[in-house]
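Colleague: Chains A and B are the protein sequences, given in the same order.
Just add 1085 to wherever you are in the first sequence, counting from 1, and you've got the numbering used here.
Just add 1085 to wherever you are in the second sequence, counting from 1, and you've got the numbering used here.
Check each hint, because a few of them may be wrong.
Intra- or inter-copy, both count: the list cannot distinguish identical chains.
[Claimed, not checked] Pairs of lysine-lysine, DSS-like flavour, derived with a Cα cap of 27 angstroms: (1) Lys-1093 to Lys-1383; (2) Lys-1225 to Lys-1104; (3) Lys-1093 to Lys-1358; (4) Lys-1225 to Lys-1385; (5) Lys-1104 to Lys-1371; (6) Lys-1383 to Lys-1276; (7) Lys-1093 to Lys-1371.
In case anyone wonders, no lab produced these hints; they're calculated from the structure.
There are 2 protein chains.
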Amino acid sequence: MKEFELIKRYFAEQSITRKDVVLGIGDDCALIQPTERQHIAITTDTLVAGVHFPLNTSARSIGHKAVAVSLSDLAAMGAEPAWLSLAITLPEINEHWAADFSAGVFELCEFYNVQLIGGDTTQGPLSVTVTAQGYTPYDKYLTRAGAKAGDWLFVTDDIGDAALALLYIQGSVDIEEVHQANIQTKLDFPKPRVLVGQVLREYASAAIDISDGLAADLGHICSASNVGANLILDNLPLSLAMQESLPLMDAYKLALTGGDDYELLFTVAADNKVAMETALATTGVKITCIGQLDSSHKIKTLLNGESVFIDMQGFEHFTDK
Amino acid sequence: MKEFELIKRYFAEQSITRKDVVLGIGDDCALIQPTERQHIAITTDTLVAGVHFPLNTSARSIGHKAVAVSLSDLAAMGAEPAWLSLAITLPEINEHWAADFSAGVFELCEFYNVQLIGGDTTQGPLSVTVTAQGYTPYDKYLTRAGAKAGDWLFVTDDIGDAALALLYIQGSVDIEEVHQANIQTKLDFPKPRVLVGQVLREYASAAIDISDGLAADLGHICSASNVGANLILDNLPLSLAMQESLPLMDAYKLALTGGDDYELLFTVAADNKVAMETALATTGVKITCIGQLDSSHKIKTLLNGESVFIDMQGFEHFTDK
Chain A
1086 MKEFELIKRY
1096 FAEQSITRKD
1106 VVLGIGDDCA
1116 LIQPTERQHI
1126 AITTDTLVAG
1136 VHFPLNTSAR
1146 SIGHKAVAVS
1156 LSDLAAMGAE
1166 PAWLSLAITL
1176 PEINEHWAAD
1186 FSAGVFELCE
1196 FYNVQLIGGD
1206 TTQGPLSVTV
1216 TAQGYTPYDK
1226 YLTRAGAKAG
1236 DWLFVTDDIG
1246 DAALALLYIQ
1256 GSVDIEEVHQ
1266 ANIQTKLDFP
1276 KPRVLVGQVL
1286 REYASAAIDI
1296 SDGLAADLGH
1306 ICSASNVGAN
1316 LILDNLPLSL
1326 AMQESLPLMD
1336 AYKLALTGGD
1346 DYELLFTVAA
1356 DNKVAMETAL
1366 ATTGVKITCI
1376 GQLDSSHKIK
1386 TLLNGESVFI
1396 DMQGFEHFTD
1406 K
Chain B
1086 MKEFELIKRY
1096 FAEQSITRKD
1106 VVLGIGDDCA
1116 LIQPTERQHI
1126 AITTDTLVAG
1136 VHFPLNTSAR
1146 SIGHKAVAVS
1156 LSDLAAMGAE
1166 PAWLSLAITL
1176 PEINEHWAAD
1186 FSAGVFELCE
1196 FYNVQLIGGD
1206 TTQGPLSVTV
1216 TAQGYTPYDK
1226 YLTRAGAKAG
1236 DWLFVTDDIG
1246 DAALALLYIQ
1256 GSVDIEEVHQ
1266 ANIQTKLDFP
1276 KPRVLVGQVL
1286 REYASAAIDI
1296 SDGLAADLGH
1306 ICSASNVGAN
1316 LILDNLPLSL
1326 AMQESLPLMD
1336 AYKLALTGGD
1346 DYELLFTVAA
1356 DNKVAMETAL
1366 ATTGVKITCI
1376 GQLDSSHKIK
1386 TLLNGESVFI
1396 DMQGFEHFTD
1406 K
C-alpha cells in the first residue's frame, strides 16, 4: 500500500504543535503529558460514506465533518479539545482527495489548537473514525444527567437545516436558490459549539449535542436526569430556509427528528438563567429557550399553549436508512 | 438503527471498572482522571474485512484481534494498557455475532484490566477501529529511535506463522493437519506482548511490534535510529509448522515479509543483554537474538556467516492486495 504514504505526507504537514504532546505521529503510539488536575474527555465517532454523508460529498467536507462531529461531543461535556486520532478507510488514493480531506481536517484543528497525534490509513469502503480528546477541570464538566424539574431548556442557533439539506439532495423537497448554499453549508460544515460548551460548564445543569435529532437527544437528557420536558414548538429556532421550504408543522417535525445539527441542547436552573445568557453573549452564538423541564418523565410538545401530538416517524433520518 | 442497541447491550456488560475512569460508556464523552506523573500512550488501528482478516473469520477472532493489534502497539512503547474505544461498522446485526465479538474483546480487556470507555456502532461494510490508551512512566518508554550500532537485535516467540496460515487459507501452501490449529490460532488470536514490553522499558534501546513484517519493521527501527543491521537468518525462530511446510529459503522469506505476527522486535545494548534476558525469563515468553546493529544504514541478511540476498517481493502481504 505504498500509495497510502501519500496521505501520510499530507498529515505530516500540520501546523499545530502542542506542548503536552511528547511524541506525535510516527511511532507505535503517540505520547501525551497531560496537564495535571484535569479530566480527559474522550469520544469516538465513525462516518460511513452513503450512511452519514451522501456519496458525492466533497473530501474537504468529509474531513471537516469527521472532526466537527467529535469536537461537538467534547463541546457537550464542556471540554477543551486537545488531540485527535484519525482512522481513514479509502477505496483508493487520489492526490486531490488527500489534499482536500486534510485541509478540511486541519481547518478545525488549527482553529481549536488540536494536534493530530496518530491514526491509521487502510484500504476498503470509505469511512472515517475520529477519536478526539480534551480537558475538563476536575468536577466542572457537563453531562446528560444533571437536569432538574424546573430547569429551562435551551438550544444553540437554528435547528433542522442539515436535515433539510439532505431532503433537498434526495429530491424530497424544493428549496429556493437563495437558501441552497446556506443549508448545504450547515450540512457539510457543521460548527462544533466548543466555546459555548466551555462557558456552559459554569452555568448549565445538563447538555448534549444534537446528532440524533432534538427530540431523541432531549429524550437522552430526560432519561439520564430522570425528568420530563415541555417543549414549546412556537419557540423552535427555524431558519428562513426551513420556514419558506416546508409547511410549519412539517418544519417542526423535521427540526425535532432531523439530526446532524450538532447544535448544543442544554438545561439551566432558573437561578443561573440570566448569568448564563450574559456569559454566552460574548460567544456570538444565538441561543433560544425552547421549553422547561418537569418531573413527568415524558416529553410534551406545546403549540399556542396547547398540547399537540407530533408524529416523530414523519421523516426518516438519513442514517436510519 | 434500533437493532444496534443490541450490540450496545453486550458492551454494557463488561466486568472491568477502573478507578481512573470517572465516566464510562453512555454520555457524549468518557471522562478519565489519569494517574499523575505518567505519560499517556495512544494508538489507533483499523481492521477491514477482506483486507486485514479473511471474510470468514469468526466474530470472536475479529474482536480479539482488533484489541490485540492495539495492545501490541502499546506493548511496543512499554505502556500499561488502560482504556479502549471501539468503533464498529457492521452490515447488519446478528445476536450471535454480537455475543461472540464482545467475548473476543472482553477476554483481552479482562486479562489486562482494560476498560471499554466508549465508541460508535454504525451501519456499513464490516470494519473495526480501536483506539487504545495506556500509561508509561515519565521518561521511561520505548520508541523506534533509541537503537545504536552494536546493540543486539531480539524478537519474541516465532515469526511467520500468521502469514503461513493466510497462505494456507488462500490455498497457496499445504500444511500437515497436526499444525493447522496452531497456526490458525497464531493468525486469529495474536498475543500482544504487553508484559514483555513493560519489562523491556528498563533494558531495551528501541522496540516495535511486527505488523508489517520483520524486515519492514526492522527498517522502521533502522531508519528512526539512523543505524543498519546484520540479520542472521539461521537464528530466525521458525515454528515446526513453518519448517515442515516450506522450503527453508521460502520460510525465511515469509518470516521476513509476512507481517501480522504482533511479536516484539527490540534492540538491547551489550551491557544490558544479560540483565534483560534474566528479567524477561519471568514472563515465560521465548526471545531469540537474530542479529546486531551496525552503522551501515543498510539491512544485510546473513546465512551460514555469509551475506545472502533475499527477494522481499517473494510473498505479498495479505494487506497489500
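Colleague: With reference to the structure, classify each hint as holding or not holding.
Modeller: Here is how each hint holds up against the structure:
Only between protomers do Lys-1093 and Lys-1383 lie at most 27 angstroms apart by alpha-carbon distance; the minimum there is 24 angstroms, versus 49 angstroms within a single protomer. In this homomeric assembly, Lys-1225 and Lys-1104 come within 27 angstroms of each other (Cα to Cα) both inside a single copy, at 23 angstroms, and across copies, at 19 angstroms. Taking the shortest Cα distances, Lys-1093 and Lys-1358 never come within 27 angstroms of each other, neither inside one copy (47 angstroms) nor across copies (36 angstroms). In this assembly of identical chains, Lys-1225 and Lys-1385 lie within 27 angstroms of each other by CA distance neither inside one copy nor across copies; the values are 30 angstroms within and 57 angstroms between.
Neither within a single protomer nor between protomers do Lys-1104 and Lys-1371 lie at most 27 angstroms apart by alpha-carbon distance, with minima of 33 angstroms and 39 angstroms respectively. Taking the shortest alpha-carbon separations for Lys-1383 and Lys-1276, neither the intra-copy value of 30 angstroms nor the inter-copy value of 49 angstroms comes in at or below 27 angstroms. Taking the closest pair of Cα atoms, Lys-1093 and Lys-1371 never come within 27 angstroms of each other, the shortest separation being 38 angstroms inside a single copy and 35 angstroms across copies.
Violated hints, listed in ascending order, are 3, 4, 5, 6 and 7; each of the other numbered hints is respected by the structure.
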